[in-house]
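Engineer: For the record, the sequence lines run as chains Z and R. Position 39 of the first sequence, counting from 1, maps to 39 under the numbering used here, and the rest follow consecutively. Position 145 of the second sequence, counting from 1, maps to 145 under the numbering used here, and the rest follow consecutively.
Source of the hints: derived by calculation from the structure; they are not laboratory data. A few of these clues could be false.
Here are some, though not all, of the chain R residues that point toward chain Z, as calculated from beta-carbon distances under 10 Å [to be verified]:
1. A21
2. P75
3. G101
Stretch by stretch, here's where chain Z covers chain R in the computed footprint (C-beta under 8 Å, at least three residues) [as the list claims (entries may be wrong)]:
4. 11-17
5. 34-42
6. 47-56
7. 121-135
8. 140-152
9. 166-179
Ideal Cβ placement from N, Cα and C applies to all residues, glycine included.
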Amino acid sequence: MPDIAIEGFYLFLANIWVVPVGVAIGMFVGAMPGLTSSGTLAMLLPVLMVLPPEQGLILGVSIYAGAEMGNSFPSVMLNIPGTPGGAVTAFDGYPLMQKGLAARALGICIMSSTIGALIGGVAAITLAPLIAQVALGFGPAEICIVVLFGLTVIAQLSAGGLAKGLLAGFFGLLLATTGTDPTFGQFRGTFDIVYLFDKLPVIAVLVGLLGFSEVMVHAEKGLRSLLADDVKVPDTDVGIRGILTGFVDTLKRPIEVIRAGAIGLGIGAMPGAGASVATFVAYQQSIAFAPPERKKTYGKGAFEGLIAADVCNNAVVGGALVPLLTLAIPGSGSMAVLLVVMVYHGLYVGPRLFQFNGDIAYAVLWSQFAAAFFVLVIGTCIAFFAYRAALINLRIIIPVIAVFCLLGGFARNAYVFDMGLMLAFGCLGFIMKKHGYPVVAILLGVILGPILEANFMRAFRISFGEFDIFFQSTISWVLWSLFALTFVAPPLMRLAKRFIGGREGGAGR
Amino acid sequence: MNFTKEALGGLIVPLLAIGYAVFALWEQFTGDYMELTTDYTLYLAIPVLVLGGFLILHRLIPILGHLAVVRFFVPDHSKSGELSLEETAEAAASGPAARPGGWMRLAALVGFAFALVLALETVGYLIAFFVFAVLVLLAMGVRSVVTILAVSVATVLVVHFVFAGLIDMPLPESFLEEWLGGEE
Chain Z
1 MPDIAIEGFY
11 LFLANIWVVP
21 VGVAIGMFVG
31 AMPGLTSSGT
41 LAMLLPVLMV
51 LPPEQGLILG
61 VSIYAGAEMG
71 NSFPSVMLNI
81 PGTPGGAVTA
91 FDGYPLMQKG
101 LAARALGICI
111 MSSTIGALIG
121 GVAAITLAPL
131 IAQVALGFGP
141 AEICIVVLFG
151 LTVIAQLSAG
161 GLAKGLLAGF
171 FGLLLATTGT
181 DPTFGQFRGT
191 FDIVYLFDKL
201 PVIAVLVGLL
211 GFSEVMVHAE
221 KGLRSLLADD
231 VKVPDTDVGI
241 RGILTGFVDT
251 LKRPIEVIRA
261 GAIGLGIGAM
271 PGAGASVATF
281 VAYQQSIAFA
291 PPERKKTYGK
301 GAFEGLIAAD
311 VCNNAVVGGA
321 LVPLLTLAIP
331 GSGSMAVLLV
341 VMVYHGLYVG
351 PRLFQFNGDI
361 AYAVLWSQFA
371 AAFFVLVIGT
381 CIAFFAYRAA
391 LINLRIIIPV
401 IAVFCLLGGF
411 ARNAYVFDMG
421 LMLAFGCLGF
431 IMKKHGYPVV
441 AILLGVILGP
451 ILEANFMRAF
461 RISFGEFDIF
471 FQSTISWVLW
481 SLFALTFVAP
491 PLMRLAKRFI
501 GGREGGAGR
Chain R
1 MNFTKEALGG
11 LIVPLLAIGY
21 AVFALWEQFT
31 GDYMELTTDY
41 TLYLAIPVLV
51 LGGFLILHRL
61 IPILGHLAVV
71 RFFVPDHSKS
81 GELSLEETAE
91 AAASGPAARP
101 GGWMRLAALV
111 GFAFALVLAL
121 ETVGYLIAFF
131 VFAVLVLLAM
141 GVRSVVTILA
151 VSVATVLVVH
161 FVFAGLIDMP
171 LPESFLEEWL
181 GGEE
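If we strip away everything but chain Z, and leave its shape as in the complex, we get (with noise of 0.2 Å):
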């Protein structure tokens, strides 16, 4: 085992220019409302499958872990969050820019944004390896009801309900039964369209429901820019000295961070659950354990607010990794969109991944300490001006980020048809958004089918076609009962969570 970490990080050392360059990305679409990271890391797919696999996972995880921190620039300087994950730090960020200490916010976003990609990073190259072993021991059943749960914890943790997300989930999987049966070699679900004999193009349907759809929504608003109105563009200047004061802050509390960090962690190793969410809880529980005369203070400007938000989604960086690297079930939309790569460039994924390909896995968590380090170099480089990407006509972009998705869905196969193709799920993605179906629910369908389906007809020929196989082994029980947990404890937790509130005021938000 040791082994094969020591060549990964040499792998990783051989690549480790490709940090800087997704750090830097990552930065400027953090940064800038509208760009989500997982849309604009769909965007950058025919890059991503060009590149080498380690280094296309490298630029994605960077690109990823730089939009963390970069959201965090105009949360603070606009009240305007770059990215979902970046909406709670305005909470706190914009209040204490308004009484003049935009440096020092800045100062302990980015130091908070460090700290927690580290903690995601030490996490992940400690978890992913030990939870792989486990995984080994997972036979086709196992793997099937792994992304059952999978799918079924999206559509719980989605905002529209759990009837939808399940929908979403299972039309994502019969979706993926296009094309040649993988079993016995017929064709299904066609409409004998020549393009579609192969099987649904995943890498059209990724780029349309992740990236296309976004410039719809962006179209429909037709906004300039995503500044409220009664923003005004601040001409504070940001010194050095408050930004080390700020790190400086940041430094001092140590147990907010931890624990920002572990929630952070653990929501981004939940499918669908991303760094959005996480933040909300990071926010909350700081408040549930902070002291009582501090509670008043949170929403004007508490330090402690700024670094539980911040730290906790770049956390969640490395939470994602895991499930991605040891069970093949992505966390979010850009953790999909990772995976896509992967089964692009035929690496194994899932639990052999680390068996075959261990040396690219372990470069891909060697880097987050690389990207870590990146995060505090280039964003206390860049936090005198980043915020000013905010400022860029939207209304510009459309059209440049309408191009590059039908250039990613033409991609992989070189089909015109592949474009259209993109177009319609572009369609169905805004629709689905619009009424509250989870987009990455549908995904998950589509990118896990073919691996359900071949673990299901595997696990029926071992037991001659017996439903017993699902529940002979021990590890099948747990996973179950973990299954039907993600049914009961949501209604249970949302009991405690009224108990508690009542009993201290709905001190939320």
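Assemble chain R onto chain Z, guided by the hints.
Structural biologist: The following block gives chain R in isolation, referenced to the frame of chain Z:
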């Protein structure tokens, strides 16, 4: 609140899902398919049919939304006044209210994009992407000639040199690309 439009829009996704499930089942049960294949499709189609039917009923019969059992599956945050965390985050990141004419802009974007896909093989990627960028910018309400030309030309240059050149993507070519290629 525009009730009918909302309700009809909410039907699109379940109807699509049910339609596809019915099509898959029909194709596989009438066609010559192995039993394992049809079984697998059936296991996936049943949840789609049940959940889709449930969601359609929920949309059509508003009273259902008051039942506690139903609310477990389809929470209605507008009634309880409490937004889920995800919705709160998205509301915070969505910015000010939209400009009017959203459907026109959407139709323009999607329409031009489909037109581009249809025309791409005939006119080649340079012309197609240039015209697409110009038309979408106009549809978005950008009126400055300099901006439109600069953005469109820059987009086409990036496509030509990075995607067709560096990444070597085999984009459909026509007379313009051949003429350019001949000169190099």
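Engineer: For each hint, tell me whether it holds in the structure or not.
Structural biologist: Against the structure, the hints:
1. Given hint, R/A21 at the interface with chain Z, holds; its Cβ is 6 Å from that chain's nearest Cβ, closer than 10 Å.
2. Using the Cβ-Cβ criterion of 10 Å, the hint placing R/P75 at the interface with chain Z is satisfied: the shortest such distance is roughly 5 Å.
3. With its C-beta approaching chain Z no nearer than about 7 Å, R/G101 sits inside the 10 Å limit, and its interface hint holds.
4. Only residues whose C-beta sits within less than 8 Å of a C-beta in chain Z count toward coverage, and the segment 11-17 of chain R has 5 of them, enough to reach three; the restraint holds.
5. Counting residues of the segment 34-42 of chain R whose CB lies closer than 8 Å to any CB of chain Z gives 5, which reaches the minimum of 3, so the coverage claim holds.
6. Remark: the segment 47-56 of chain R is confirmed as covered by chain Z, as 6 of its residues place a Cβ nearer than 8 Å to a Cβ of that chain, reaching the required three.
7. Under the rule that three or more residues need a Cβ within less than 8 Å of chain Z, the assignment of the segment 121-135 of chain R holds, with 4 such residues.
8. Counting residues of the segment 140-152 of chain R whose beta-carbon sits less than 8 Å from any beta-carbon of chain Z gives 6, enough to reach three: the coverage restraint holds.
9. For the segment 166-179 of chain R, the stated coverage by chain Z holds: 5 residues have a C-beta nearer than 8 Å to a C-beta of that chain, and at least 3 were required.
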